[in-house]
Structure formats: C-alpha cells, structure tokens
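> Please model the entire structure based on the sequences and the hints provided.
Chain residues, written in single-letter form:
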Amino acid sequence: MSVLVYIPSNNVLPKAALETVTYGKKIGQDVVVITNGTADDAMLSTLGVYGASRVLIDRSYEGNDPQQLTRLIANAAKTCNSSTIIFSHDVIGKAVAPRLSVRLKAGLVAGAVALPNTDGTVKVNVFSGKSFGNVQVNSAVRIISLLPNSIQPEQTGSSCSVETFDGQVGSTSIVVKSTKKPEGEIPLPEAELVVSAGRGLKGPENWAMVEDLAKVLGAATACSRPVADIGWRPHHEHVGQTGVAIRPNLYIAIGISGAIQHLAGVNGSKTMVVINTDPEAPFFKAADYGIVGDAFEVVPKLTEALKKFRESSH
Amino acid sequence: MLHNISVIFVSRKLKDMKILVCISKSPDTTSKIAFTNNNTAFDENGIQYIVNPYDEWYALVRALELKEAGGGQVTIITVGGSADEAVIRKALAIGADEAVRIDADPVDAYFTATQIAEYAKNEGFDLILTGKETINYNGSQVAGMIAESLDLPLISLATKLDVSDSGLVLERETTGGVEVIEVSTPAVISCAKGMAEQRIPNMRGIMAARTKPLQVVSPVSVETLTAFVSYEMPDAKSACKMIDPSNMDQLVELLHNEAKVI
Ligand SMILES: Cc1cc2nc3c(=O)[nH]c(=O)nc-3n(C[C@H](O)[C@H](O)[C@H](O)COP(=O)(O)OP(=O)(O)OC[C@H]3O[C@@H](n4cnc5c(N)ncnc54)[C@H](O)[C@@H]3O)c2cc1C
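These protein sequence lines are chains A and B, in that order. When we follow our numbering, the leftmost residue of the first sequence carries the number 1, and every step to the right adds one. When we follow our numbering, the leftmost residue of the second sequence carries the number 315, and every step to the right adds one.
Hints are computed from structural coordinates only; laboratory data are not their basis. Accuracy of the hints is not assured; some may be wrong.
Across the chosen pairs, the derived CB separations fall in these ranges [said to hold, decoys possible]: (1) B:Q387 to A:R59: 38 to 46 Å; (2) B:K329 to A:D40: 42 to 50 Å; (3) B:Q512 to A:D278: 24 to 32 Å; (4) B:K329 to A:E211: 42 to 50 Å.
A virtual CB, placed ideally from N, CA and C, is assigned to each residue, including glycine.
Right, here's the structure in full:
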C-alpha cells in the first residue's frame with residue numbers, strides 16, 4: 001500500500017508540491033510521486049528530501065487535460081497499489097480529483113486543511129471558511145485534495161529515484177489555443193503574504209501604493225468584490241465568499257470594511273492587519289493588528305518601515 | 315453591459331443547443347453558521363436559502379445568453395427534497411425553460427453527480443454547466459464527477475464561454491494564468507467569475523416561473539463515498555491589537571517577532 005501524490009507538470013517545484021509530498025509522508029511510509037511533462041530528473045529527485053520514495057514521470061505527455069491526467073493517475077495508482085492519493089486543491093486538483101474519484105470509486109475529501117484526525121476523518125474548509133467539517137471516507141481508496149498553505153513543507157529524507165512511467169493518457173478533445181501568464185505575478189491562492197485593498201482607496205489610480213507595499217513584502221495583491229466588479233482591479237484578485245478563498249500567513253486589508261462575505265474568504269489567514277479610517281469597521285473584530293487611520297498616509301509609512309526592516313536584516 | 319458583447323460572437327453553426335444547468339441551494343451569504351445535534355448537523359434555523367451564486371450568476375445566466383443568441387433550451391436540475399422547489403422557481407424566474415428535481419437528499423458529491431449523470435445520459439444535452447463550487451461545501455466536485463461518469467471532456471473554472479463554427483471557445487484559469495481552449499460538444503463546464511453578470515428576475519419572469527414545467531424524478535440507487543460526521547467553528551480570535559498610525563515600525567516589529575510572518 002502506498003501513498004500517491006500528483007504534482008502538476010512544471011519546470012519548477014511550487015511550494016504546493018512540497019506541501020503535498022510532506023502531507024503524504026506524514027500519513028504513509030511509501031510515498032510515490034506521479035507527474036508528467038518535461039521536468040528534469042535532478043529537480044524531481046529532490047522531492048525525496050520531503051519524503052518521496054520515488055518519482056514516476058510520463059515524459060510523453062505535457063498537457064493538463066483533466067480527462068487524460070485522470071487516466072495517468074489511475075494507472076499509476078493501480079501500478080503502485082495506492083490506498084491514498086493526494087492533490088493540491090488548486091486549479092488542476094479541482095478538475096482531476098473529482099474525475100479520479102468516479103473512476104476509482106474512491107471517496108474524495110476536497111479542501112483538506114489538516115492531517116487526518118485519529119479517527120481517520122479529515123478536516124476540511126466549509127461555508128467558505130466560516131467553519132470546518134470532518135469528512136469520513138467509506139471506500140477502500142481515498143483521495144485528499146489539500147488546500148494550499150495548510151501545512152509547511154518538511155525536509156526529512158534524501159534525494160530519491162526518478163523513473164519514467166507510461167501513463168497511457170489516451171486522446172483528448174481539448175485544444176489549447178494560447179496561454180496568458182502574467183509575468184512576475186505571484187499566484188494569489190499560493191501566496192504566503194497578501195496585500196488587499198477595497199473601495200476605501202477611491203479609484204484605480206491609487207493602487208500604486210498598494211503595489212509598492214506588496215513589492216517590498218514580496219506579496220500578492222488582492223481586492224474586495226466591488227473593486228473587481230467596477231473594473232478597478234482584475235477579477236482574479238477578488239477574494240471572499242464568491243471570489244478566491246485564501247489562507248496566507250499575512251493578510252493586510254486596506255480600506256476594506258470587512259463584510260461577512262469578504263471575511264469568509266480570508267479568515268483562514270494566520271495573521272490579519274487592518275487599516276481603516278473607521279474605528280467601527282467590522283474588520284477590526286476579525287483582525288490581529290489594527291490601525292485606525294487614512295490609508296493614504298499609513299500605507300506609504302508602512303512601506304517605508306518595511307524597507308528599513310528589510311535593509312537592516314540583510 | 316459587458317456580457318452583451320460576447321453574445322455577438324455566437325455563430326450560426328451551433329444553434330439550438332440543449333443546455334443543462336446544475337443548480338444547488340446554498341445558505342444566503344449573510345447567514346450566521348451554526349451546528350446542532352452535538353455539532354453533527356448544520357443548523358437550518360433561520361437560514362434563508364438562495365440559488366448558489368456561482369450556479370446562478372455565471373452558469374445559468376451564460377446558458378440563457380447562449381439561448382437568446384442561438385436558440386435552444388435551458389433545463390435546470392437539482393438534487394433535493396420538495397422544500398428546494400422555492401430555489402428552483404427562482405432559477406426559472408431568471409429565465410430557464412424547465413426544471414428537473416431528483417427527489418433525494420444530496421448526501422455527498424458523488425451521490426449528487428451520479429444522479430445528475432444518470433438523468434443526463436439519455437437526454438442528449440450539448441452542454442452541462444455547473445457553478446465552480448457551492449459556497450457551503452466548496453468542494454468543486456460535481457462537474458468533474460459528472461464529466462467522468464459520462465466520459466465527457468471537462469473544462470473547469472471557465473471564465474468565458476463562446477460558440478464558434480467548430481465548437482466551443484473557452485477561457486479557463488490555470489495556475490497563475492488563463493488558457494484559451496477549444497472543445498467540441500458535448501462537454502461539461504464549471505463556471506467562474508467573468509462568464510456573465512448577475513440578472514435580477516423581473517415580475518414577468520416570476521409570474522411565468524409558476525407555470526413552467528417541473529419534473530420530479532426518482533433517484534437511482536447509488537452508494538455514498540463520503541460523509542460529514544461533525545463540524546467545528548474556528549478558534550475565537552484574540553482581541554485586535556491597536557497600533558498608532560504614526561508608528562509603523564512597531565507594526566513591522568510585531569509582524570516579525572510576535573506573529574513571525576515576515
Ligand atoms: C451574495 C454576495 C456575495 C458577496 N461576495 C463577496 C466577496 O466574495 N468578496 C467581497 O469582498 N465582497 C463580497 N460581497 C460584498 C460585501 O457584502 C461588501 O459589499 C464588500 O466586501 C465591500 O467592499 P469594500 O470593503 O471594499 O467596500 P466598503 O464596504 O465600501 O468599505 C470601504 C471601507 O474603506 C474605508 N475607508 C474609506 N476611506 C478610507 C481611507 N482613506 N483609508 C482607509 N480606509 C478607508 C471605509 O471606512 C470602509 O470601511 C458579497 C455580497 C453579496 C450580497
């Protein structure tokens with residue numbers, strides 16, 4: 001019986017990959033990683049450091065069609081006699097894990113936030129982060145998709161072997177025409193630090209100071225829903241109950257009132273800082289650190305203070 | 315309104331599509347979440363149910379736009395008890411032509427998706443649309459499960475859906491970016507923000523919804539693969555530490571030494 005971890009085709013190892021391998025190692029001895037694409041052996045072998053016993057890669061397939069990936073992973077699960085299969089609960093995990101669940105008749109725990117409990121149930125995020133549920137799996141094989149930033153990668157071993165694997169992915173009916181990837185941006189769901197702003201900023205022209213702050217921190221930027229709806233910021237920055245749900249280590253909310261729908265998507269953040277002119281803003285009830293003040297004065301000061309701190313700690 | 319622009323690109327080739335839109339109920343977004351029976355069940359006391367926003371705003375409205383541009387039929391389907399008919403009527407008021415209710419408690423995603431797939435398999439739908447997830451269970455599971463059950467392609471987290479000569483043109487989220495893709499019908503699509511804009515039902519729609527066909531279908535026998543056995547609330551936050559707006563050095567110090575996040 002092995003634990004199988006799927007890692008999306010990529011030429012760098014994202015933190016989510018290290019998180020899922022670490023998670024796998026904590027629930028089983030024999031952790032096999034399955035992946036596809038062009039990643040080189042040297043990079044993949046470092047997954048052993050995080051607990052993998054070996055890595056299987058299908059180099060003949062570079063795509064990300066959920067139907068084909070499902071076949072690849074199902075074949076690997078059969079070869080490895082896997083009892084648990086782990087994904088990151090990201091764009092690929094959300095598409096592939098449910099398909100695999102049907103294919104293998106294996107119960108899917110979607111959006112796990114912690115290691116399995118002693119009774120075998122797994123804690124997941126429900127009600128858009130307003131609470132948690134504990135899910136029991138009734139089938140012999142289980143699938144777990146892990147919310148990014150739920151556990152820290154841990155180095156426990158040494159490099160492992162990398163073997164080619166024929167996933168027999170079959171044909172696809174999806175043709176990818178083009179891919180747009182914003183350069184140098186940190187994808188929001190994986191970001192450890194997030195700077196977010198709302199309608200309190202009054203207009204899109206005022207976002208330079210938010211971006212400056214994010215840059216000094218190395219943070220991703222986010223926004224409240226009305227800000228995305230009126231087109232001040234792109235939709236993919238919209239966080240909350242009807243946007244992206246995030247759980248970074250640090251969430252800085254600037255000029256955001258803290259409506260229940262906004263909080264739902266961000267209250268998994270480990271530390272929250274709120275900057276708001278209104279001392280009665282509901283966000284202060286959810287925050288760890290609060291500053292009652294005008295964003296236009298406070299944010300540049302915070303950026304300066306961080307610059308100083310970064311310089312002195314180098 | 316922005317959504318009208320994309321409607322123009324609907325070509326004449328893929329006309330009269332049969333579209334199935336999967337609808338789930340979810341608690342109103344302002345709901346206070348609580349649990350009963352020793353934290354084993356969701357407390358429905360005082361909860362108002364709405365159509366899950368992703369299903370309504372994006373999947374249903376885009377289906378209606380495609381029908382308005384190219385003809386066709388929009389059917390909504392939900393797995394739920396008779397109490398869910400209020401939510402079904404709301405979706406009909408927005409403009410769906412007819413509704414199907416599978417008369418069963420949607421115990422887990424696998425059960426729900428299998429019921430929908432069983433119904434859909436002989437109905438010849440060109441498109442099966444879902445919202446990207448429900449706002450209560452956030453699983454993002456049903457679309458993928460339907461697709462696998464019916465052996466159809468899945469385009470998940472689609473932010474744009476148009477019809478071209480040869481099939482469908484979509485945009486979908488990828489890790490940190492967007493992909494433009496083409497796929498032929500039939501296909502299963504989970505819909506995310508960007509695909510359409512919310513529509514408010516008007517009086518005429520609400521009146522018409524009362525007499526639109528609502529078919530109640532018996533469930534097939536399906537095992538469940540998972541169960542929620544208990545719930546818990548997040549730990550209570552300790553009080554917010556207030557910091558003087560002129561003292562950002564203190565905030566940086568606290569973030570570094572106390573919160574240890576920078
Ligand atoms: C079904 C539904 C779903 C929703 N989903 C979401 C969601 O996913 N995400 C989301 O964000 N919202 C969501 N909303 C909207 C939500 O209810 C709020 O309306 C929204 O979050 C408010 O955005 P805001 O805080 O940016 O704006 P506002 O509520 O207008 O708040 C602006 C804040 O800025 C402060 N401010 C003003 N000037 C300054 C200044 N100079 N410096 C500092 N602070 C200043 C004000 O005191 C105020 O607190 C949803 C609503 C509904 C009905």
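> Take the C-beta atom of B:Q512 and the C-beta atom of A:D278, compute their distance, and say whether it sits inside 24 to 32 Å.
Since the Cβ atoms of B:Q512 and A:D278 sit about 28 Å apart, the hinted range of 24 to 32 Å holds.
> Starting from the range 38 to 46 Å, see whether the pair B:Q387 and A:R59 falls in it by beta-carbon distance.
Since the Cβ atoms of B:Q387 and A:R59 sit about 45 Å apart, the hinted range of 38 to 46 Å holds.
> So does B:K329 sit 42 to 50 Å from A:D40, Cβ to Cβ?
About 49 Å separates the Cβ atoms of B:K329 and A:D40, which means 42 to 50 Å holds.
> Does the Cβ-Cβ separation between B:K329 and A:E211 fall within 42 to 50 Å?
holds, 46 Å
The structure shown violates none of the earlier numbered hints.
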